[in-house]
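Asker: Below are the chains, spelled out letter by letter.
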Amino acid sequence: MDNDALRSALRQLPAPEPQPELLQRILRSRALGKRIVVPTHEGPPIRRWIAAAAAVALLLGGSWAISLSLSEISESRRARRALDELLRGTILEREPESAPTLLRDALRPAYPLIVSEALDTSRLAAGVWTYRSETTTDDILTKPAGGDRIRLARGTLSGQQVWTASMGERDTTYLDPSSLRPLRAVAAGNKGRAVFEQRFTADSGYESWEWTGPMRGSRLGAIAFPFPRNALFSANWSRVTLAALFAALPLRREWRGSLYQVAFISRIGLQGVRPVNLRVVGTDRVTVPAGTFECWRVEVEEFAWEFERPRMWVSRDKGWLIKEEHAASDFVHTRVLERFEPLE
Amino acid sequence: MAIPLEPSTSDPRDTSDAIAELYGRYGAGLFRLAYRLTGTKEDAEDVVHDVFVGLPEKLERYEERGRLDAWLRRVTARVALMRLRSGRRRPVMRLETSDIPGAPPRDLELDLQAALDTLPSSLRSVLILKEIEGYSHAEIAGMLGISAVTSRVRLLRAMARLRRILGGSR
Chain Z
1 MDNDALRSAL
11 RQLPAPEPQP
21 ELLQRILRSR
31 ALGKRIVVPT
41 HEGPPIRRWI
51 AAAAAVALLL
61 GGSWAISLSL
71 SEISESRRAR
81 RALDELLRGT
91 ILEREPESAP
101 TLLRDALRPA
111 YPLIVSEALD
121 TSRLAAGVWT
131 YRSETTTDDI
141 LTKPAGGDRI
151 RLARGTLSGQ
161 QVWTASMGER
171 DTTYLDPSSL
181 RPLRAVAAGN
191 KGRAVFEQRF
201 TADSGYESWE
211 WTGPMRGSRL
221 GAIAFPFPRN
231 ALFSANWSRV
241 TLAALFAALP
251 LRREWRGSLY
261 QVAFISRIGL
271 QGVRPVNLRV
281 VGTDRVTVPA
291 GTFECWRVEV
301 EEFAWEFERP
311 RMWVSRDKGW
321 LIKEEHAASD
331 FVHTRVLERF
341 EPLE
Chain S
345 MAIPLEPSTS
355 DPRDTSDAIA
365 ELYGRYGAGL
375 FRLAYRLTGT
385 KEDAEDVVHD
395 VFVGLPEKLE
405 RYEERGRLDA
415 WLRRVTARVA
425 LMRLRSGRRR
435 PVMRLETSDI
445 PGAPPRDLEL
455 DLQAALDTLP
465 SSLRSVLILK
475 EIEGYSHAEI
485 AGMLGISAVT
495 SRVRLLRAMA
505 RLRRILGGSR
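Just so you know, the protein sequences line up as chains Z and S, in that order. 122 is the number that our numbering gives to position 122 of the first sequence; each next residue is one higher, with no gaps. Position in the second sequence counted from 1, then plus 344, gives you our numbering.
Since the hints were derived computationally from the structure, they do not count as laboratory data. It is possible that some hints are incorrect.
Unchecked claim - Which chain S residues stay away from chain Z? Per the calculated CB distances, all over 10 angstroms, these:
| hint | residue |
| --- | --- |
| 1 | Asp413 |
| 2 | Ala414 |
| 3 | Ser465 |
As the list claims (entries may be wrong) - So, partial list: chain S residues that the calculated Cβ filter (under 10 angstroms) puts toward chain Z:
| hint | residue |
| --- | --- |
| 4 | Thr359 |
| 5 | Ser360 |
| 6 | Leu374 |
| 7 | Val392 |
| 8 | His393 |
| 9 | Pro400 |
| 10 | Glu401 |
| 11 | Lys402 |
| 12 | Leu460 |
| 13 | Leu471 |
| 14 | Ile472 |
| 15 | His481 |
| 16 | Arg496 |
| 17 | Met503 |
Just so it is clear, CB atoms sit at the ideal spot from N, CA and C, and this is done for glycine as well.
The shape of chain S in the complex, shown without the other chains:
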């Protein structure tokens, strides 16, 4: 699908409309991907912000091979991983649900999210990209600059650590 984006147009409203349309279609999904990789809403919003602000210029080099949403997800994952590598993350403290009056008791979702948060970013990235986003180890290796074997090893370690943490918390 070709998106008529002309960064050099004299009427910025055209670009804004196009960005808004793309955001409406894909923004929520890209935000969820960024959230899973970075771990915080604030960093995820920064990632999605950067992706869409840079999108018109980036689309000049889009060769329309494959699906646009898959391409956007790859770009988002790359931006999120760059953010993790640079350490430019916003310091936020995740509230424990026990801090919220009337919060429901902890369940598997909360335990699993908490366990995910404890993983080092190197392991969490591979786990998210493989098990949730469905990328192959070869694709993950390309994104992270590691070998496919390293990607497999990191996935094994991440799963083992999650099982260990969840096994101890229940």
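Isolated chain Z (complex conformation):
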């Protein structure tokens, strides 16, 4: 049943009639002097926020315990089984009994893993890509939804040549120049009061998360990778690294490949290692503010809270992310390239 049929059925769903005595019950209450204060303002009661904060604190504590124990697991069949259990356990909502098989299947890569040897890193270019976003609701109302800038530049990290991929001022990932695997990622949030730093080795990663302000604290997390040392991965559901990597991918007709997203304790509810599946499904000529481009149309499949399948258009000549589209039941979020400024 598609969404339209489901909506139609929902709107026709019958509802019962009230008991005939309800009016008499209302009038009797008034006559007895009963008075009820009907709420005047929206907004959650304070205790919801307190309960939510308590739940977050519990989740953080539990996540820390889980991630520390994972740091002792080596890459082995035992590690894969343990990670399978962790991935199932970190799905926030309890799914119906028919769904666990679906979830397990969703957590395996659908296509061959993208490996370093398949990348053409010579196509990467240093520059700044400026994007503009908008949201169209019910095919009628289009509203601007801000924009962002992705910056890819050459740099050094501890004396080593790296690529730095960043979005804004506070989110930077350092990539190995030959494998394009993250070496380190730094992000700041909550007006600079929360700082996340992640470091990656060939087969594992760890994160430190510190926050200041009225509630100070820190957390550590570690994770063992369930994939080979030459397999591509991205950190923290970051669109930045994916957009930066497109230039190096061997895109062609009917090309398919998978990489992993690695997310730590700072991504509450999304911790774990999940595949992102990419598939070239066609070609299009796309016109955006930055110009007209011949593009590969790439379908991206990822499993975060639900299956999501955004579409991306990548220019065939330079591998730039030209356009991105996320379609939901009643709105479409679109992001288009506004301009490119080279840095070299």
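Take the given structure of chain Z and dock chain S to it, following the hints.
Answerer: Relative to chain Z, chain S alone:
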């Protein structure tokens, strides 16, 4: 439309007549809204009862902007959502139609209602308010104390879960 309700009147019959008139016009629709949000007739009746008992005092603050029925629906939705949040729901067991002798075979309406009943209230509320009552995500966000983005996400999850449940039951 101005409703002449004077809570402080010396003659309670005036207020009762006014409540009865409003109930006659809007009561059934408000009951259906409350039923869809709370999931049970008993809770829906409690919600409508509370709305109309508190109505005379509430109408003192009604500024006559927009339609009265839309305003009443918002108030009813708020009361129903408060009831869900407080957990003050009457424990009732919905009879399976198979428990009723001579019941007709299950059809889409029953499957859909059963599927709706399995949704967590956080998802069902957004689904009902958006797809049946026609509120925008911004309005739903205000009612539920969430962001419009969260409202959209919850709607997606609710629809996906319904499709999954209905797909498995047929």
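Asker: Tell me the numbers of any earlier hints that the structure contravenes, in ascending order.
Answerer: none
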